[in-house]
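Using the hints provided, position chain B relative to the given structure of chain A.
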Amino acid sequence: MLELKNVYKYYNPDTVNEMCLFRDFNLKVEKGEFVSVVGSNGSGKTSMLNIICGSIPVESGQICIGDKDITREKEYRRNERIGRVYQNPAIGTCPSMSILENMSLADNKGKVYGFRRGTNKTRISYYQELLARLNLGLEDKLEVKVGALSGGQRQAMALLMSTMTPIEFLILDEHTAALDPKTAELIMELTDKIVKEKHLTTIMVTHNLRYAMEYGSRLLMMHQGEVILDKKGTEKSSMTVEDVLGLFNEISIECGN
Amino acid sequence: MDFVISIMEQGLIYGILALGVYITYKILDFPDLTVDGSFPLGGAVTAFLLTRGANPYLSLFAAFLAGALAGVCTGLIHVKCRVRDLLSGIIMMTALWTINLYIAGTANVPLFSQETIFKNGILEKVFPEGLQPYSTLLIIIILMLISKFLLDAYLQTKSGYLLRAVGDNATLVISLAKDQGNVKIVGLALANGLVSLAGSIFCQEERVFEISMGTGAIVIGLASVIIGTSIFRKFTMLKATSAVITGSVIYKACVAIALQNFEPQAMKLITAVLFLVILIVGMERRKKVKTDAGA
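Top to bottom, those sequences are chains A and B.
Quick note on the numbering used here: the first sequence kicks off at -5 and runs consecutively.
Quick note on the numbering used here: the second sequence kicks off at 381 and runs consecutively.
So that you can see chain A by itself, here it is in the shape it has in the complex (with noise of 0.2 Å):
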């Protein structure tokens, strides 16, 4: 169970620029949910994401997962228990390395990175079959060095690194906008297998509409800084596109827009 309590964040504090995001910010996230993320430009949804993860602090407030309170820990202690992927594709894998030499980086994810060889040659059939399973030729291209890869082809591998070792939480930041819409169903089916497989707890932010109503256990959207929908099992799945857009226009009506 992820939970944040009582968050406050501001940015630019204590100067003329200074605003409010985050005003006793609440929001609980069980085991097992797969929770989609929708909302306006600057509504929140990756500050929330930050917060969880550690990317950005927060004015007050806390974020427990179960009833260990994280708030403090570092970002890269909490990634331990965390899996993300990005919307650059560029930020999910190492270009100047091959594709074998990543997947090997990723499966020691949690263990030590001593003194031993990077790459252990049995996992290799491992390897090529969760690359297989993509359907993108890249278990036959091992030694070729991941920045000549497509955007697709690596948002595809940063998916499988980022949920390679066992973790509880993915976190997803609109980790399809930067695809052409094949591709972006591609990986969207792609992490529902894997959600569903690992039973991850999952927090997608997404603007397309339509795979916040088609993926995922529970529907959030949000507008300035507040959660205005949420939207649980059967409630959830009994709402349409059409439904959530007009509420989308409404709120975009009352900012101007």
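No incorrect hints appear here.
SDA-like cross-link-like pairs, simulated, lysine to any residue; straight-line CA separation at most 25 Å: (1) B:406 x A:141; (2) A:139 x B:528; (3) A:22 x A:228; (4) B:499 x B:590; (5) A:139 x A:101; (6) A:190 x A:178; (7) A:105 x B:530; (8) B:406 x A:137.
Far from chain A, some chain B residues (derived; all Cβ distances over 10 Å): (9) 383; (10) 388; (11) 524.
Everything labelled a hint here was simulated from the structure, so no lab data went into it.
Since the model is a prediction, treat every value here as computed from it, not as a measurement.
We put the CB at the ideal spot given by N, CA and C, even for glycine.
Showing chain B alone in chain A's frame:
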């Protein structure tokens, strides 16, 4: 012949320095000016030990460790105090000048009467008479090969993978639940250890420690790395480490040839012009693309 041997000797010693610069400049993407201080640091430690009768081979290890320590300091200044990379190196470089003076005692320590890795009782017995003129070069080649192969091997370990990843994409290292700052510190330690080792070998070969021996060391290192990696970019079979060492020999050869035609005063100007030429030639040239293609 002597001319070629001297170029090879110098080039290969500076090749070890270039390996260190390769780690910071190419792998970590960190412009590390500590090098100008850690190169003479190796010399100072060696001068300190040799004048007190220590084993010359031990001085190599001591120099490596001292350099690594200097690298750790630069890393701590950068990572923990959040000082910019360039400035962290400058701070350490400046501090090391005085530290080197303290270690060595004076600005100039001659080592003519001391046993060195190139001249000692054991070597005279081991090397056959005919090979004596080449003994210095052979020892340098052996040390260079050991450094190169150890570095190659390290870069293939898990820790080495992480080091290569951090310069490429620090966010990924954080995603792998590792502190990217610590990885950088390890890289800086290794790099400056190698630089300091080169300093120790250099000062034993020259048989003198000079406080100013490090001035411009970073330029030589960078030039070697850039020559090596840009000339051998097409040769994918050649490891980057080999390319960098070859680059260092080429650079030393260029400087030596240039100096034969100019006065010694021109040294720094030649270095600067040569470096500029290398940078321009080494730049990746974009192929001209027709802007009106298809129209």
